[in-house]
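2 protein chains.
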Amino acid sequence: MASTDMRFSSRDEHRSWLSAQARLPVGFRVGAAGFGFTPVEVSKPARMTATVIALDRPTEAFAALFTKNAFPGAPVIIGRSRLSEDTLGAIVINNKISNVCAPDGVGTSERICAAAASALGIESRQVLPSSTGVIGWRLPEAALVQALPQTVAALQSESVLPAADGIVTTDLYAKIRRVDLAGGSIVGIAKGAGMIEPNLATMLVYLLTDLDVPREALRASLQHAAAMSFNCMSIDGDTSTSDTVVALSSRAVACPDLLAFQRALDQVCVDLSEDIARNGEGVHHVIRVAVTGAPGIEVARGIGKSVVNSPLFQCAVCGNDPNVGRLVMAIGKFVGEEFPGVDLSRAVLTMGGRRIFADGRFILDHETEAALVAHLRSAELYASTPPADGLTFRPPIGYPPHERCVEIGIDLDAGGASCVVIGTDRSHEYISENADYRS
Amino acid sequence: MASTDMRFSSRDEHRSWLSAQARLPVGFRVGAAGFGFTPVEVSKPARMTATVIALDRPTEAFAALFTKNAFPGAPVIIGRSRLSEDTLGAIVINNKISNVCAPDGVGTSERICAAAASALGIESRQVLPSSTGVIGWRLPEAALVQALPQTVAALQSESVLPAADGIVTTDLYAKIRRVDLAGGSIVGIAKGAGMIEPNLATMLVYLLTDLDVPREALRASLQHAAAMSFNCMSIDGDTSTSDTVVALSSRAVACPDLLAFQRALDQVCVDLSEDIARNGEGVHHVIRVAVTGAPGIEVARGIGKSVVNSPLFQCAVCGNDPNVGRLVMAIGKFVGEEFPGVDLSRAVLTMGGRRIFADGRFILDHETEAALVAHLRSAELYASTPPADGLTFRPPIGYPPHERCVEIGIDLDAGGASCVVIGTDRSHEYISENADYRS
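In order, the protein sequences belong to chains L and G. Numbering follows our numbering, with no gaps: position 210 of the first sequence is 210. Numbering follows our numbering, with no gaps: position 150 of the second sequence is 150.
Hints should not be assumed to be uniformly reliable.
It does not matter which identical chain is used: a pair holds within one copy or between any two.
Okay, derived cross-link-like pairs now, SDA-like style, lysine to any residue, Cα gap no bigger than 25 Å in a straight line [as the list claims (entries may be wrong)]:
1) LYS96 - ALA370
2) LYS68 - ILE297
3) LYS96 - GLU369
4) LYS68 - GLU338
5) LYS68 - GLU337
6) LYS44 - ALA371
7) LYS44 - ARG355
8) LYS96 - GLU367
9) LYS68 - PHE339
10) LYS44 - HIS375
11) LYS68 - GLY296
No lab work stands behind these hints, which were simulated from the structure alone.
Work out the full structure, taking the sequences as your base and the hints as a guide.
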C-alpha cells in the first residue's frame, strides 16, 4: 500500500519526485514524439504522441494481460497473438484514439508495428502495439508511421518519464512507481483516468525490469500482482476495450529471490493502481474499502466493488457527506443479488476507524457525524471551484497533494477471505470531462 | 410505451393533466398531512408527509413485490409478512426517512400501523407500512403517530393526487398513470428519483383498481407487469433497501377479461417506469435501449442495463455527444464478463434509427455525427443553467416538457429474445443533488 504520508505542494515538486522514480532499468530505451492530425470522423485538429519502449536485445521474458471486454481493440487482438512469439523487442504506443472496431483496424496496427520494427532493426512480430483514446475512430496511420523514425531517434536509456508523459489522455499527471531490489529494479508506468474497472488488466501499464525472471515465472508473477491491484479497483465500473498490462525483463541482472521479486512487483502494481485512482477523472477522494471475514474472495471483492461503484455513495463522499446509509445499501444490493445466502447479521462497519454499524443497526449520533465529516475532509484532494463559464468544471491542481484515502472497513465475521478494493468519488469534474470528451 | 408526442409547456399544464389522471377507482380513499420534525441524528428541522391509502372495505385481492436488497427496511420486513394475511385495508406511507437498520425499526413501523389501524377502525395486521428517504436514521415516531388522525380526517374518494404528492422526496413532480377498462380503472402512482435499479420492485409504487381480480391472479399479473417495466429500468444502478410495489383491488367492478386487465396493468407499469426515469435526479435525457435477437432474456436485459448504467455513456448523452464508442464498450463489458460465448459478430447498432455499427465495424462520418447530435438534442428535457452559487446545479423546470427518448437499437441476430430497457443520462444536477442530499 502506498505511503499515506507522502505530500506534494506543487506540480514542480511532484515532477521532481517523478524524475527520481524514472531511472530506467538496464537494457531499456524509451522515446516519444508528438505530431498533429485530424480525425477522419470529425474535422477538428488534434495532437497525438507516439511512444516506443525498446529493449536493447529482444527478450523471451515477457508477460501480458488484456481486457475481458468482448469488443477488444485491434492492439489487444494482436497483443494476444504476440504471447506465443519467441521474443519481444519493443512496444509501440499511441494515445488519443484506441483503434477499436475501426475499419481495417488490425491491418493498421500491424503496419504500425512493421514501421516501428523497421526503424528498430527487428521483426514486426517482435513489436507489441498499444492504443488508448476514443473508441470507434480510425488511427491516423500515415501520420503515425511518419512520426516513428523521430520517436526512435529520441530513444534514450536514462528515464522512463518521456513514456509516462507520452501515453496519457485525460490524466492530470504522469504515473511512475519503482522498487529497487538486489542491484536491479522494477519500474512501472500507467495511463488511466476513466473507463476504469479493469478485468484481468488495467488501461495501459508497462512494467520494466532488468531482474532476470524467466518467462513462465514472470507470467505467473504478473497474474498474482494484477489480481490484488488492478483487479481490485474501479473508477467508474466501465471496463475498457483496450486494457493492457505488459511486463518485460531485460534479464541484465541476476534475480536471487523470486519471492522478493513477487513482493516488489505486487508493490509496484498496488502503488500504480492507487495512482490511477487518485488521478481518476474528477476524483476528489480515493476510497479504500477493506473487506474482511468474508466467506470467499468473490464476496469480499464484490462487496468492495459494489461500494466504490455506487453512484450515490460516490456523490456523498464527494460532498464530504457521511451518508453511511448508502454504504449499507451498496453492500445489501450486491449480497441480495449475487450471494443471498451470506449471513450479514454479524457485520461491523467502520469509516475512518470509527464503528458506525453493528448488530444489524446503525450507531449514529451528532458526535459520530462530526467525526466522519472530519475524516472525509482530511482525505479530500481538492474542492471544486466555480467554473469560469458557469458550467465546465476543471480540477484546480495538476498534482496529487497527498495520498490519504477515505478508509472503509467491512468485517462480515463470516469466513476467512479478505480483499482491499480501491475506488473514487464522483464529481462535477467527472461530468464535465465526460459530457463532451471528444470535443 | 408512453406516447412520445405528449408535450407540456408549464408546471400548471402538467398539474392539470395529472389531476385528470387522478380520479380514484371506486372503493378507495386517500389522505395526506405534513408535519415538522427534527431527526435525532442531526439537529436540523425538516418536514415529513404522512399519507394513507385506505379501502372502504379490507380486501383479499392484494399483491406486493419487494426489494431483493439484503438489508431491507423495516416496512419491507413487515410488508412481506402481510402477504399471508387474509385481507389488507390500508397502506400508511411516510417520506424523508426510510427506516432501514434503525434501532427498533420494526417495532416503530408496527406501532405506526397500529395507530393508523385505530384511526381507521381496522386491525393493525391489515395495514401495510411504507417508508422512503434517508437510510439509517430513526423515524420521528411520536410526531408521525400524532399526525395520523389528521391524515385520516383528510381522506377523500375523488383524487389520488394528495398521495402522489405526499410520497415524493427529491422528485420534481408527482407521477400518476391510469387506464380505464370495462367500466373500471387502474390508477397507479410512483415515487422514485434516485437509488433506482429495482430488482423485483421499484422504489414505491401503488396500483389501485376497482376491477375484481382475485388475489392469485392479481399477484401473477403484478409479477408479469413488473418484469417488463420496473425490472427493466435503471437510473443509477443502486437498488434501494425500500423498493415496494403494491396492487390493491376493491373488487367493486366485475372484470370480464383477465388478459385485457393484464395489458392495462402492463401499460400503467411501463408508463410509470418511464415517468420515474424521466423524473430521475438530474435527468436531461431518457434513454430507451431496445435489444433484439438475443439468445436469452438475461443477455437482452443485461446488455440494456449495461448500456444505461455506464457512467461514461451516460455523461456523453448528457452532453449531446454521440460517443458511440462507449456504447460498444458497455455491450462488450457485459458480454465479456457474463456471457463470453455470445456471438457479437452480426450485431447491428442504431441510434435514433440510424445504423452506426455493423459487421464488427463502426459506420461513422461527418453526416452521421451531425444526425446523431440532432437526435440527442431533440430528446433533451432541459439544458443546465449556471448555478447562482457557481457550484450547486438545480433543474430549471418542474415538469416534463416532452416524452421523447434517446432511442438505441441493438440487434444481435443471435436468437429470439428481446427486451426494452429504460435508463437516463448523468448530469451536474445529479451530482449536486447527491453530494449533500441529507443537508
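Subject >> Homomeric proximity label, LYS68 with GLU338: Cα distance no greater than 25 Å >> reply: both (20 Å within a copy, 10 Å between copies)
Subject >> Same-copy or cross-copy closeness of LYS96 to ALA370 [CA-CA at most 25 Å] >> reply: between (44 Å within a copy, 21 Å between copies)
**OP:** First find the shortest C-alpha distance between LYS96 and GLU369 inside one copy, then the shortest across copies, and answer within, between, both or neither for a cut-off of 25 Å.
**Re:** Between copies, since 18 Å is at most 25 Å while 44 Å is not.
Subject >> Intra- versus inter-subunit Cα pairing at 25 Å for LYS44 with ARG355 >> reply: between (53 Å within a copy, 23 Å between copies)
Subject >> Intra/inter-copy verdict for LYS96 and GLU367 if alpha-carbon distance must be at most 25 Å >> reply: Result: close only across copies, 22 Å inter versus 48 Å intra.
Subject >> Copy assignment of LYS44 with HIS375, given that the CA separation must stay at most 25 Å >> reply: between (44 Å within a copy, 21 Å between copies)
Original post:
What label fits LYS68 with ILE297 when the C-alpha limit is 25 Å: within, between, both, or neither?
Top reply: both (19 Å within a copy, 22 Å between copies)
**OP:** Give the relationship of LYS44 and ALA371 under a CA distance limit of 25 Å: within one copy only, between copies only, both, or neither.
**Re:** So LYS44 and ALA371 pass the 25 Å test across copies only (18 Å; inside, 50 Å).
**OP:** Using 25 Å as the alpha carbon limit, work out where LYS68 and PHE339 are close: within a copy, between copies, both or neither.
**Re:** Answer is both: 23 Å inside a copy and 11 Å across each meet the 25 Å cutoff.
**OP:** Go through the copies and call it for LYS68 and GLU337: within, between, both or neither, with a Cα cutoff of 25 Å.
**Re:** Both: 22 Å inside a chain and 7 Å across chains, each within 25 Å.
Original post:
For LYS68 vs GLY296, is the C-alpha pair at or below 25 Å within one copy, between two copies, both, or neither?
Top reply: both (22 Å within a copy, 21 Å between copies)
Every hint from the earlier list agrees with this structure, and none is contradicted.
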